[in-house]
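**Student:** Here is what each chain is made of, one letter per residue.
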Amino acid sequence: GAGVSQTPSNKVTEKGKYVELRCDPISGHTALYWYRQSLGQGPEFLIYFQGTGAADDSGLPNDRFFAVRPEGSVSTLKIQRTERGDSAVYLCASSSQPAVNTGELFFGEGSRLTVL
Amino acid sequence: AQSVTQLGSHVSVSEGALVLLRCNYSSSVPPYLFWYVQYPNQGLQLLLKYTSAATLVKGINGFEAEFKKSETSFHLTKPSAHMSDAAEYFCAVSENSGAGSYQLTFGKGTKLSVIP
Numbered sequence: 324g325a326g327v328s329q330t331p332s333n334k335v336t337e338k339g340k341y342v343e344l345r346c347d348p349i350s351g352h353t354a355l356y357w358y359r360q361s362l363g364q365g366p367e368f369l370i371y372f373q374g375t376g377a378a379d380d381s382g383l384p385n386d387r388f389f390a391v392r393p394e395g396s397v398s399t400l401k402i403q404r405t406e407r408g409d410s411a412v413y414l415c416a417s418s419s420q421p422a423v424n425t426g427e428l429f430f431g432e433g434s435r436l437t438v439l
Numbered sequence: 027a028q029s030v031t032q033l034g035s036h037v038s039v040s041e042g043a044l045v046l047l048r049c050n051y052s053s054s055v056p057p058y059l060f061w062y063v064q065y066p067n068q069g070l071q072l073l074l075k076y077t078s079a080a081t082l083v084k085g086i087n088g089f090e091a092e093f094k095k096s097e098t099s100f101h102l103t104k105p106s107a108h109m110s111d112a113a114e115y116f117c118a119v120s121e122n123s124g125a126g127s128y129q130l131t132f133g134k135g136t137k138l139s140v141i142p
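Just so you know, the protein sequences line up as chains H and B, in that order. Take any residue in the first sequence, note its place counting from 1, add 323, and you have its number in the numbering used here. Take any residue in the second sequence, note its place counting from 1, add 26, and you have its number in the numbering used here.
Zero decoy hints are in this set.
What the simulated footprint calls covered on chain B by chain H, stretch by stretch (three residues with Cβ under 8 angstroms from a Cβ of chain H suffice, anywhere in the stretch; the number is not a length): (1) 69–82; (2) 110–120; (3) 131–138.
Please keep in mind that the hints were generated in silico from the structure rather than gathered at the bench. Since the structure is predicted, the reported quantities are computational estimates derived from the model, not experimental observations. Here a beta-carbon is modelled for each residue, glycine too, at the ideal position from N, C-alpha and C.
Go ahead and model the full structure; you've got the sequences and the hints to work with.
**Tutor:** Set out below in structure tokens:
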């Protein structure tokens, strides 16, 4: 597709369950980012991929959060043993090589996660 | 770490009135600065960016912003508000994450309402 695609758009789960959120970046974009947006807050950085490797995962809140990008395109954010505090909109963004150097990102519509 | 402060979580203006959304940043080096807009149920969209060229930056939909280093500000303006401008606006600063990428740090956002 033309833009960043995220699935599911909405996910409701129970506390303690495992969740996977998928991101399909713009074709040809080598850089991929995950952000989390809680209610009333701006997006907060989670992890950055350059190609297949996680170049910066300093924003992941704890070891329940993990992300992969095995073929350098689609990425999956994985959350184990979900907690109510994980409820948020998870945003994926990608950028091309020049834009990476200025921080200009192209965002998907997000996956809204609700943990009951 | 750099930070962004957006004054006013909510701003209301009358249709046709001036829009002024405030953003101040902290940075020890010349930053890259951005304004993103988020319409209801849509992803973040780049409105405009400052990347050390002209200090007055023009963006889409008639918006512009002026980089003022002495005030560490990057306020967003539009001379005449339109109903379609109702959205949430995020100011962001780009900082080198040290991992070969520039990571965006966002403000908390300002929700703009336009009154007919």
